[in-house]
Every structure is written in structure tokens, then in C-alpha cells.
Amino acid sequence: MHERLAVNGDLPLWAVVLACALALVSLGVLLAVELRRRERGGPTIVLTGLLAVAALLAAVARPVRIAARESVIGAKVIVLSDLSRSMALPQNGKAPRADVRDAAVGEIAKKAKEARLHVMGFGDGAPVPLATGAGGAKPGESSSKDSTAPRSDLTTALRALAGSAEERPQAIVVVSDGRLDDPGEDAAKEQLQALGRDLKVPIHTVATTVESPADASVRRVSAAGAAVAHVPLPLKVDVGCAGGLSCDELTVTARELREDGAPALLATGLAHLKDGKGTVDLAVTLDRAGARILEISITPPSGDTIPENDRRLLTFNVARERVRVLHVAGRPTSDVRALRQWLKSDASVDVVAFFILRTQSDTPNARQEDLSLIPFPVDELFTEHLPSFDAVVLQDFDAQPYGLERHLPQLARYVKAGGGLIMVGGQNSFVAGGYANTPLAEVLPVTLDGSPGATAADVANVVPAWTDDGRAAPLLSPLHDVVGEELPQMPGANVLGDVRPGGLVLWAHPTRTTKSGAPMPILAIGDQGDGRSIALGLDGAWQLEFSQLGARTSGRGYGALWDGLLGWLMRDPRFEPGQLELVAPCVADAPTKLRVRLPSATAQKDMTVEVRRLDKQDVPPIRVEVPKRSAGSSSAVEISLPPLAAGGYTARLKLGAGPTTRRDFACESGGDEWADSRPDRERMRALAAATGGSFHDATDDLTLPLPSPAVVSAERHVVPVAPSWAWSLAAAIALGVHWFARRRSGLS
Amino acid sequence: MKRSRARSVFVVSSLIAAAVAALIVALPRPARAFGDVGAFDPRVLLVGGVTGAARTSAPARWSWELVQRTSAPGRLKPTQVRADDPAVVDAPFLFLSGENGLVPFTPQEISGLRKFFALGGILLVDDAAVSDEGAPSAFGRSAREQIARVLPDTSPIALGPDHVVFKTFYLLRRAEGRVAGPKTLEAIVRGGQVQVLFSSHDIGGALARGATGAWENPVVPGGDLQRERAIRLAVNIAMYTLCSNYKDDQVHAPFLMRRRALPVGP
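Top line first, the protein sequences correspond to chains A and B. Anchor point for the first sequence: position 188 equals 188 in this note's numbering, and the numbering is continuous, going up by one each time. So the mapping is simple: this note's numbering equals the position in the second sequence, first residue as 1, plus 1000.
Treat the hints as calculated values from the structure; they're not laboratory data. Glycine included, C-beta positions come from ideal geometry on N, C-alpha and C. One should not assume that every hint holds.
[What the hints assert, rightly or not] Which residues of chain A face chain B? A few of them, derived with a C-beta cut under 8 angstroms, are:
id: 1; residue: Pro332
id: 2; residue: Val352
id: 3; residue: Ala353
[Said to hold, decoys possible] To spell it out: a stretch of chain A is covered by chain B in this simulated footprint if at least three of its residues, at any positions, have a beta carbon under 8 angstroms from a beta carbon of chain B; those stretches are:
id: 4; stretch: 363-373
id: 5; stretch: 537-548
id: 6; stretch: 551-560
Bound-form chain B, shown alone (with noise of 0.2 angstroms):
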């Protein structure tokens, strides 16, 4: 009897506590974050039968690592968009990886993403299926015909260490992902603000991690070495996405010229 009464009070008890702790949560309360809506967001961008990133981790692997190693705030879980969807122009930055060749853009995808250009967006195209000398897949060709039909008036160039994505918050020499691939990134510039990135370099393939906390992808030929510098790359183009060209003023120059001269780190 005894033993079934404290049973009930305990019971009681719990479902007291549960309901305050309940209301608690429930209750608006004051909070300091504003949310993650002006983090850094990977967005995934569909379009030209792309359904997915091709490397279905490492957006959120990306914001991560952002987050860990920067200040930056970082969407832990990016969102997807259409291009043809009127949310395309909610946010400055989109990314588009695959390992297939894409379907010609339909008129309603390329008014989208032309809006989204126009507003000073920035695209990252990374080439999952890129062969491990880097030469590029059929992805990545067809990539950049179908975003010359979206920007029809410029062409990529490279950018090498000298360009600020090389120096956002790392100091790299050269690009690099799963695959060693080129040394430079290519790069569709207009006014001096970089509108689209092309990567030969597989950076997703270098991000992914797996739920059990192992690397999907092996990268070549540098090992985890190369993957770190992977990482290091899409941590600067984040940063670049947010601080844009901060690390060109002036005052960081004389810093800058100083390390570049040091022995090259991992």
C-alpha cells in the first residue's frame, strides 16, 4: 500500500515537473540569438535535374567546420532551393554540385538565378565528378554552358592565390578538394565581386563525413593533409560570401605580405 502510494506521488510528481518543464520551453521567453537566418548558408541549388548536392553531407559539414573554426554563424542544417522558386533570392549564396551532366535550364531557372545574380549573389559550382587529374566531368562542362546561357555576357578567368578568396581567414596557396586538381579556382567576375565559382576540385567529396563520423571519400593524392586544406578552401569561400573582400583593404596588407613570406604550413 505504502509502496503504491509513493508509486502515485511519484507519478504525480513527474508529470508536474514534466508539464512545468513542458511550459517552460513553451513560454516565449527572452532569448540572446537571433537565429541562423543571416548565417552562413549553403543552400543547395536545384536545377537543371539536379535533385541534391552530390555529396549529401557536406553542406552541413561545411557550416560546421564554419562554425567551429570561425566566428562566422553557420546554417548546421542548410536549406535547398529551386531556381525557379521565388525563395532563389532570399539569401546571397547557393550551392551547386553533381556528378551527372545537367539538363539545359529551363527560362524560369535562369529568370531566377538572373535575379538572384543581379542582387550580388554568389554561386559555388563544385565538380563532384571530376577525374583525379581534375579534368572536368561532364558536370562541370555542362555547368558552365548553362550558366554562360545565364550570364551570357561574361566568361570565367582564374583566380589564383593572389585573389582574396585565397586569404579570408586562411592564407592558401593554391585550391584543392577531394581531388588536387587545377591550382586555381575559375571564376565568372563582374565589378570586381565574384558572381559564380567553378571548382575542379571536388570540395564536397573532402567535407562529406559520414553519420558515424568517418570520411566518405578518400582524397588524392594528398590524404588528410589535402583534406584539411579542402576544408581551409570552403571556409574561406564562406567567409568570402560574408566579409566579401574585407581581407583587400588596405590595412591588412602589410600582415598578409608578412606571413606569405613564412615556411607553408600542413
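With the rest of the complex left out, here is chain A (with noise of 0.2 angstroms):
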């Protein structure tokens, strides 16, 4: 308990000030004036003076006695340690940065003894609790050894500390290498105060890096705009050289990691170095829609201490303008101008046809003047302008009279690439076109009997059956929403073999079966490789527009079939049976969770993601089961992968035995933090300046000017040192003995 005299609490401190004032004018006025016009008695004048001004003063504070039991509180002083990922940057053989870090945050724990430090790290988003003792981290709690986060965001860490309800800090200290996403590089003063002002406190910063390592570095990737299928996507690449490495010229590579085999050359370039700074731009062409990973690449110069960033694996989700379709027709139909029709008026597809509208049996009876016709180029269509194209539609088409068979190779590897096929029946489609036994067959997602005289069309009126997947596939709910289970009678199929493993029988014959005894697909979908495939083996699909159902239906099921068909293979979210996202960026040799949406018709279903590497088909792929759902379960699943080496992946869902949904990501193993590997003590400096703190080295002394403690009563007992009538009678005798005294020495 701590005890001290006080003045009475019901007097207002100018009451104080004032009785003070006139107590010391009145002892003024006796020793200066009155003394010298005493005639004796001096000493008593003034010894009765002295004790009747205070017993005056007294009588007007009336002291009480405090009794208190206080603590001395130090101020909250938050230390913000940088988590992020580059704080693990090798430092050419010094301790790394998390370790200066680690020792300078002690440090500072220990020179502020007399503030009550709560140690936090920043990384992406709010800061978390870091655990600071010998003890280990606590649960919800990180270790101060962790620098795994993906950015380091000190501008959103202090937002969410002057968000909170909890007791506002009186200082903050950042314990950081600068290297700091937000505030930028090249943030301004005015933004650096602003950081301060929310807390209204001043931010004092240590640097925990000096000397830059020596290292050459991808250090920015940027592209402008969207990327676009076929459309040139320009990049600008920043690259730079630090820590004394001499590179005047750096080469830097834009390819393509690609499923179907090694990656592909987008572009290259050669960026000139000055101040240990470079761009190239460069101009890459993706033809694939949907998640793609390009490598942006350096040749590093001898030296070079990091070469984790002298790589960039970045993920491009390439959108289509419009999609491209190659309709090849191998004759002039009802069929052939309902597809066209649709294809036309639809403005997102992008259609370049080609009809055989003439065979060499025809006989126009004309000069070929006097003729439309063009030759089919069929040799530019499918080596030159392949690439260019999302889907091939082969419609009634034989590939044998007009020199397609030499370019089946070429079509398959088109296919495998990511491609989009679609074989529409007919009499000179799949086993009557000559497709059985060619490596177009292999793409397709059905088996086409090779053998000779194989039968190749079941010309008897057919009406075709819907499978279990065909009612439940999300590709074709638009035509079972308009013409329910209902489907026009149509002329004939072609002969189909049995589906090819991954693929799935949407529509299958009512009657006829396949050699194992299954009925036979007439609508098969597959994946193949990178790419899709569909077999429609029906010629009489136009009849869902012209027939009575048609006109039930104001001829909305065949716009509904194809816009699912084409949907499907160009990987339309709407048609995919699930959908995958990473849930965190990937990082390499790290955790990684992957969500699975799903429909709830799925819930029971056996499901796995298989992930595989892109860029190296010898590794095996990782398996992993997705959890069933219980019924009314959330949609949304969420499972780990294990830690990924650095590289392309795909992943795909697989839902029972049919096709897959597919995401491509990356794994950096550097990635944005490690891109630039140059600490950035300026920027901790302008902060420390803008915000009224105080700039420190990790290696200098680290007491800080941190605020004082304060003190904080928990008891408290107040007693009058005497009652308020004891003041007066002791000043009015005080005063009339100084009276009596002042009269015996001869004053008024």
C-alpha cells in the first residue's frame, strides 16, 4: 500500500494555484515591505508571517491522506515481425534474414523491459499472435521461425490493428528487410504518414538487411490486359542484377508447359541492364483457353547465389473472344444446314466452314468459270491454321477421297494438345469415313471397328435412349429442360464401339448393342489428353428443330444440344460436372489445399483429384480421395495435397468413370517474394520519419524511444489529515498571534 498527502479533492486545481499565488504574494509583500517599517521583533514577524499564511493555505486545501495500492502499467508497444517469404532468402553465407529478424525482435525485447511488448507477425492480411518463448507457439498462435507468407502487406497488418476493439497500442515496430508489397516502392510521403495516423502513434522500424545478395532475378512479370485465345498477349519483363554481379545483357524466355509434351518457345528477348535494371517486352500467343502456365525465364550470369528466382511460373487464365470452329461438311444436308445455322447465330463462335459441295462423280455440266467452288485446302487448314482453331467439327465427312488421312496424325496430337473434336454421323462419318485403325480414332471417345466389311450405319429408324449420365450430365440439361425425355425419331445411327475408358455414353441405341454386349453410345463424350472429344453418331440431330417436337419446342432442343456439345468442349463452367480452385497460392514444398465444388447429384459418387506434374510426365501422379457428402452437405469440399516440388500441375476431378474437370496451377518455389531480392532500408527509413519513429539497424542499439509506463491505482483510501474546522481555528489563532506580533514591533 502506498500512501501520500493530497489536497482536498473538492477543490479545483485553479482554486489550488490561485491560494498558492496569494500565499506566496502575501509572503512577499511581509519580507519586503513589512520587515523594513518594523521597528523589532523581526524574527517573530516572520515566524508568525510563515505560519499564519500557511495555516491560511492549509485551512483552504484541507490536506486528506491518500492510501492506494498502484502498479506500473509499461505502454503496449506491438513489434510487427515480416513473415513473408522473403525474410528466407539466403543471404551469401550470412544468417538469413529470419534469423536477424528473430535475434533484433529479442533484442528489443529485451531493452523494453518496461513496455509490454506483444510480438506479431505481418504477412498477408491481419497479424497474427507470434509465439516468443521457449515455450513454442501456442494454438491460433505462429512461430516466430515461420516466414511462409506469400506477401508482405504492412498497410492492410496496421488497418486491421486500428480496426480492433482490443486496448490501441502507443507504438509499433516494424522488424522487416523492406522488401514490403504494400506500401510500395515507390509509395509516397503523404501514404507513409497516413499509415501512422489511423494509430495515431509513431512507427519505429529496424532493418533487418543491408547488403543485397548477389543475384540476377525475374523480378516482375506484367501483361497488359487480359489474355486472350490467339489473341498476341504483350509482357513486360523486369529483370535485375544486384549484390556486385556484372550482367549487362540478360536473356529472357516465355514458354508454354504443356501437357502433350516438352514446353513450348513463346518468345524470346534480350533485356540491357543499367543501374542493375532491365525490361524486354515480349509478345506470346496463347491458343488455349482456360488456366495456362507460362515460364518466364533467365540465363543467369556465373555467380548468381538464388537461382530459385531466375524462373517465374505464373498462371494465365486465357479467355476467348470468340470461339473458333473449323465445320468441315462432308456434303450439303438438312443436318449439316441446321449446325451451320447455329453456329452462325451465335455471336461468340468464330466459324470457318468448309462443305464438299462437288465430288469427282458429280458432273455439274459447267466450266469450272461459271462454278463457286473453291478448292478444299485441306493441307493449310490442317497444319498452318490447326492451331488456331477451339473445335473441329467433322460433319458426315470422309477423310479418304479428299486427302484428310495424311493429316489424322496431325489432328490427333491437335486433340491431345487441348483441343476440342466433334464427329457428327452421317454416311461417310466415323467407320464409313475411314476413320477406324487411324490415329483420329484413338481421340475419339468410342471404339470404331476396324475390320474388314465392318458394318458402319444401322439404318433402321432409331429414337436414341438417354443413359443415367446423359440425364444427369450438366452438358445436356438445357435440351433435357426444353424436350424433357423425349427425342425426335431420327434416320439411322453409325455403328459405334464401346466407350473408351474416361469417356461417357450420353445417348445410347434403344436396341442395338456393341460387341460387349453394351448398348451401343450414339452421344459419347472423352477426354483426350489435353483436349475433348464428342461422337454424335446421328445425321438426323436437325430434327429437333424440324419435326412436331421441334415445333412443340418453337425448335429450342437442337440450339440447346449444341450449345451444351460446344459449351462442354471449350470447358464452360456451366457444363462441367465440378469445379476445382486452389484455395491459397501454390508454394513449393509446402501444404496446398485444393476446394472441389460439386453438384449435389455427385454426393455419393467415388471421386478423386489426380494431380500431375505438366512439365514432367515421368513423375508419377499424386491421388487423392475426395470425401463423400452427406446429403444436404455444403457443395464445397476442401482437401490437401501434399507438399508439390516446384512446377506445372494439372489437376483434375474425376467423378466415377466418366470425363474429368481440369485446373492448371503453379508451384514457385521463390514466387513474388523471392523475385526481388534487394532489402529496402530506404523505405523503412521514409516510414519511420513519415510516422514520427525512429529508423534502427538490427545490428545497432536497439532501445527505443518507447513511451513511459503508466501507473494504475487498484485501491484507493482518502482520509481528511483533520477536519475542515480544525484548518480554520488553527488559521485564525495562526493569524492572531501574527496580528499580536505585528502590533509589539510596532505595525498596523
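With the hints as a guide, bring the two chains together.
So, in C-alpha cells, the structure goes:
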């Protein structure tokens, strides 16, 4: 218990000050004026005068005795420790930045014993408490050894503190290498000042690193606009050299990682460096829509100590401006007419069509000049222009007479590399078109009978039967919504074999079976490498438009069918059986999570996610079972993947035996945080200066100018020293004695 | 005796052979062709008192010419359909020809034709009684009136040689039939798609050929060359039905421009 005296609590401060001032004036008058006028008895007058003034002052102040239990509480100081991955950068054989950071935090804690230090880590989002003691991390805390955050966002961390309902800190200390994502390198002084304004506290900064490591790197890759298939995409690549490396020029290469083979070189350029920095503009053209992985790399000079940032793996979500479709038809029929009109009516489809209008046996009875026919440019189409198409439709087309046979291997490679193929039936399709036992047959979702004399078609009228998979397939749901189970009678079907592994039969023949005894597929879909293919063994689908059923449904069934077929081929999310996405950016050698979104109809299906290296096909794939969900549970499931090495990956969600949903992603060991390995002391210095804090290097004396501790009373007792009347009586007596002494000394 | 035995062996053998042949024919066997459901069918439209094609042999001849000259399949035995028959929507083409004025269409006929046009169907109206100068007959005038009742918000426009129907297979510079008539066809066009083609040329008259192989009608004034051009127009109309505006695609443009610059053929 601590005791002290104080003036009475009912007295305002100004009254105390006034009383003290009057007392001092009175004493001054007594000593300077009255003593000179006295005749005798100076000491008595002074003594009694002092007593009288003191008694009067005491009568006004009426002192009290305060007994209190008090404690001294240090100012709350938050130490924000940089947890971004750049703190794990090697440092030319010296201790890594993370070690320097942790040592600095320990030193600050040691020196600021009077402050209440809260050590938190910042990276991506709000700061998290850090375990700094020997006991390691408690639940909800991170270890100070963690340097795994994909960003170093100080701005968000400070805003989170300012918005917190907890006690506000009285000072902030930031320990970092200064290579922050936010505030950025070019942040103005006003931006830095704004960081401290919300909290109204100074921000002290401690720089962990002074020297840059010897490093050449791809520092930044920026694209001018969104990536669109078939449209050149300008890339600006910033490269740099630091740490005493000598590099005047760096060769920069852009390649696309592909599942079907070695990475494809897209562009290369030479960056000229000045003051350790250089830029090169590259133009890359991506032919396939969807998530595509680009590798941007440099050829590093000797002495480069950080090879991880010599290449960046970037995921580009390539959109389609328009779907480019090559429509090749063997002869004009009502089915060809219907498909052409549907393709031409869709503004999002850019169709290039070639129809065979005349065969060698036809006699047009006209000079060539009187015909509007043009040569079928089969060689040009299937070599030079093939990659520019998103999908190829072969409708009732015989491969043999028009020289397509020699391009079938190329067409098969096109499909495996990500292209789409639809073979539509007719008297010249499938077996009758000579496709059996060719490379193209290998990328169809069904087998074809290549034996001599094989049956090509069943000419009996047929009403295709919906399979269970067909009813559940999202790509046929628009059609099912329009026509229900009803389909028109069609004039025969091509004879198709069993569906290949990974394929799915959506419509089957009601009576005819395959050699295995399964109902013969009429409409089947399947994945083929990176691409997809569809087999539609009919040439009567146009009767979804022109028929009694078509009249009842205003012909919408035909468009609904093709909307789903082409949309599925183009991986339109509306027609995918499920969705895959990364929960957070993938970091090499760290656990990764994938979020799987599934329709409720698939809750009880067997599902696996297969993850395969894009750039190293010989690496065995990783398979993870997707847990089955109970009815009514959330449609999203998160699954954990084991740590992955740096590279490009393809994740495929397999639902039952059918085609897969695919998601490509990249895992980087360096990533954004390692792209620029230079520390940035000047940004730390500027931040401290802008917010009224102090700047220190980690090697300095880390005695920081932190706020003083506060005194807090836990218990308090106030007792008057004497009652008020006693003080008044004492003052009256003292004044009387003084008056008596003055009279005796000759004063009035 | 020997002869009668030999005869009976022959009869039995013949019967067995006939039975096997019948069995082979009767058995379901794999075939390559899918039939002619998707082929070009110049379906004769029966409406407004029309009971058949004005030139009876013309539809079949039209299909035959199409099959001979192009890769397109055609129905060699074209069908007929009434406008108020639900089957009017079963195929994308109708052919209406006549010599006499049409009686007003019934509401059922109008409804049937509207369904047909709503699905994207094409109707060719061929005036078989057109004058040698190309002046429409009562049929031609009444057909326009009745079609206007079916498609009241549109009116016919002239289609010149720049229209795709003049280049779907042959490069043609004008429309011609049994009579030379006007250089253009008339058409009701909606959304860039032809719904109704009006011919004041009697194309069917130029196509019609009797069982003996003789042409049924003289072609004036151009004779056989004009008939050939009329057949080519018929082929082009069929190809337009099956290929739509395929020849308007950009890929054909340079070829067609070069050929248009060449001298005129037959």
C-alpha cells in the first residue's frame, strides 16, 4: 500500500493555484515591505507570518491522506515481425534474414523491459500473434521461425490493428527487410504518414538487412490486359542484377508448359541492364483458353546465388474472345444446314466452314469458271491453321477422298494438346469415313470397328435413349429442360463401338449393342489428353428443330443440344461436372489445398483428384480421394495435397468413370517474394520518418524511444488529515498570533 | 422322262435360289446410306386450292439434277404436304407452284405456315402461268397476297446477283426459268435469312421433263441455254436451302470476285 498527502478532492485546480499564489504574494509583501517598516522583533514577525500564511493555505486546501494500492503498467507496444517468404532468402553465406529478424525482436524485448511488448507477425492480411518464448507456439499462434507468407502487406496489418477493438498500442515497431508489397517501393510520404495516422502512434522501424545478395532475377512480369486465346498478349518483363553481379544483358524466355510434351517456346528477348535493372517486352500468343502455365526465365550469369528466382511460373486465365470453330462437312444436308445456322447465329462463335459441294462423280455441266466452288485447302487447314481453332467439327466427312487421312495424326495431336473435336454422324462418318485404325480413332470417345467389312451404319429408324449419365450430365441439362425425355425419331445411326476408358455415353441405341454387349453409344464424350472429343453418331439431330417435337418446343432443342456440346468442349463452367480451385497460391514444398465444388447429384459418387506434373510427365501422379458428402451438406469440399515441388501441375477431378474437370496451376519456390532479393532500408527509414518513429539497423543498439509506463491504482482510501473546522481554527489562531506580534513590533 | 426330271430340278433350284434371294433381301443388313430424310426434298405445298405441283415432273427432276450435279443428296420421289398438316414442320423446304389464283388460306393453313417459318423454313413460290414478259399471273399475285397474311409484318424485296442464292453452287448473273422474266428474284427476308422466294420465271416449267425424256415446255426466249441457266438456278436454290449463306463466308470472297470478272458462260 502506498500513502501520500493531497489537497482536498473538492477543490478545483485553479483554486489551489490561486491560493498558493496569494500565499507567495503575502509572504513576499511580508518579507520585502513589512520587515523594513518594523521597529523590532523581526524574527517573530517572519515566523508568525509564515505560520499564518501556511495555516490559511492549509484551511483552504484541507489536506487529505491518500492510501492507494498502485501498479506501474508499461506502454503497449506492438512489434510487427515480417513473416513474408523474402525473410527466408539466403544471404551470401550469412545468417538468413529471418534469423536476424528474430534476434532483433529478442533484443528489442530485452531492452524494452518497461513496455508491454506484443510480438505479431505480418504477411498476407491481419497480423497474427507470434510465439516468442521457449515454449513454442500456442494454439492460434505462429512460430517466429515461420517465413511462409506469400506477401508482406504492412498496410493491411496496420489497418487491422487500427480497426481492432482491443487496447490500442502506444507505439509500433516494424522488423523487416523493407521489401514490402504494401506500401510499395514508390509510396509517397503522404501514404506513409497515413499508415500511422489511424493509430496515432509512431512507427519505429528496424531493418534486418543491409546488403543485397549476389542475385540475378526475373523481378516482375506484367501483362497489358487480359489474356485472350489467339490474340498476342504483350508481356513486360523486369529483370535485375544486384549484389555485385556483373550482367549487362540477360536473355529472357517465355515458354508454355504443356501436358502433351516439352514446354513450347513462345517468345524470347534480350534485356539490356542499366544500374542493375532492365526491361524486355515480349509478345506471346496462347492458343488454348483456360488456365495456362507460362514459364518466364532468364539465363543467369555466373555467381548467381539464388537460382530459385531465375524463373517465374505464372498462371494465365486465358479467355476466349470468340470460339473459333472449323466446320467441315462432307456434303450439304439438312443436318449440315441446321448446324451451320446454329453456329452462325451465335455471336460468340467464329466459324470457318468448308463443305464438299461436288465430288469427282458429279457432273455440274459447267465450266470451272461458272462454278462458285473453291478447292478444299486440306493441307493448309490441317497444318498451318489448325492450332488457331478451338474446335473442329467433322460432319459426315469421308477422310479418304480429300486427303485428310495424311493429316489425321496431326489432328489427333491437336486434340491431345487441348483442341476440341466433334465427329457428327452420317453416311461418311466414323467407320464409313475410314477413321477406324487411324490416329484420330484413338482420340474419339468410342472405339471403331476397323475389321474388313465392318458394319458402318444401322439404317433402321431410331429414337436415341437417354442414359443415366446423360440425364445427369450438365451439358445436356439445357436440352433436357426443353424436351424432357422425348427425342425425335431419327433416320439411322452410325455403328459405334464401346466407350473408351474415361468416356461417358449420354445417349445409347435402344436395341443395338456393342461387341461387349453394352448398349451401342450414340452420343459419347471423353477427355483426350489435354483436349476433349465428342462422338454423335447421328445425322438426324436437325429433327430437334424440324419435327413435331421441334414445333412444340419452337426448335429450341437443337440449339440447347449444341450449346451444351460446344460449351462442354470449351470447358464452359456451366457444363462442367465440378469445379476445382486453389484455396491459396501454391508454394513449392508446402502443403496445398484444393477446393472442390460439386453438384449435389454427385454427393455419393466416387471421386478422386489426380495431380500430375505438366512439365515432367514421368513423375507419378498424386491421387487424393474426395470424401463423400452427406445429403444437404455444403457443395464445396477442401482437400489437402502433399507438398509439391516447384513446377506446373494439372489437377483433374474424376467423377466416377466419366470425363474429368481440370485445373492447371503453378507452384513456385521463389514466387513474388523472392523475385527481388534486394533489401529496402530506405523504405524503412522513410516510414519511420513519416510517422514520427525512429529507424534502426538490426545491428544497432535497439533501445527504442518507447512511451513511459502508466500508473494504475487498484485500491484507494482518502482520509482528511484534520476536520475542516480544525484547519479554520488553526488559521484564526495563527493570524491572531501574527497580528499580536505585528502590534508589538510597531506595525499596524 | 429325263427332260421332265431335269425340268423339275431346274424349277426346284430356281425356287431355292429365289427363296435365298428373297431371304437376303428381307434380312436386315448393314447399309451405308442413312436414307434420304436429311436430303433436299422439294416438298410440294398444298394450300389455297393447290392440289399438286403445277409442273408435275418438276420436283423430281429438280432433285435428280441436284444429285447429278452436286454432292448434295436429294429426294428423287419428293413428297407433298398440306399447310394445315402437322407434318408441314418436318423439313425445312416447301415448293408452291400454280397457274390459277389461290383461294384464301384458312386459319389452320396460316397457323401451319407460321410454325414452319418460325423454325426457319424456306418457301419457294414459283409462278407457272407467268407471262413471257414476266408479268405475274393470278397465281403470282394471289400468292403474294396470301403470304402477306402469313407474314404480315414483312414485304418482299428484290434479290439481285449479289445475293448468295446466285452463287451457292453456280455463279449466276440473273434469274431465269421457262421465261426470262425479271432479272431478280423477290424474297421476304428476316434476320438475313430468306423465308419466302418469289419467282416470276416458272422455274418448274424449265425443269419439267416427261417420261419419254423430252422437255415438257419450250423455254423462251433463250432456248436450251436458258433452260440450263434455269436448272442452275434451281440447283442454287436447293443449295441455299442446304448450305444457307455458306458462300457468303469471307473465305470464298477472293475466289468469287476473280471468277465474276471472267467472261459469261452458257
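Worksheet item: Taking the least C-beta to C-beta distance, is Pro332 (chain A) closer than 8 angstroms to chain B?
Response: holds, 4 angstroms
Worksheet item: With 8 angstroms as the cut and Cβ atoms as the points, is Ala353 (chain A) at the interface with chain B?
Response: holds, 6 angstroms
Worksheet item: Residue count check for the stretch 551-560 of chain A against chain B: does it reach three with CB-CB under 8 angstroms?
Response: Holds, because 3 residues of the stretch 551-560 of chain A bring their Cβ atoms closer than 8 angstroms to Cβ atoms of chain B.
Worksheet item: Per the coverage rule (Cβ-Cβ under 8 angstroms, at least three residues), is the stretch 537-548 of chain A covered by chain B?
Response: As far as the stretch 537-548 of chain A goes, the hint holds, because 8 residues have Cβ atoms under 8 angstroms from chain B.
Worksheet entry | Cut-off 8 angstroms, beta-carbon criterion: hint that Val352 (chain A) touches chain B | holds, 6 angstroms
Practice prompt. Test coverage of the stretch 363-373 of chain A by chain B using CB-CB distances below 8 angstroms; three residues minimum.
Written response: Result for this restraint: holds, n = 10.
Checked against the numbered hints above, the structure breaks none of them.
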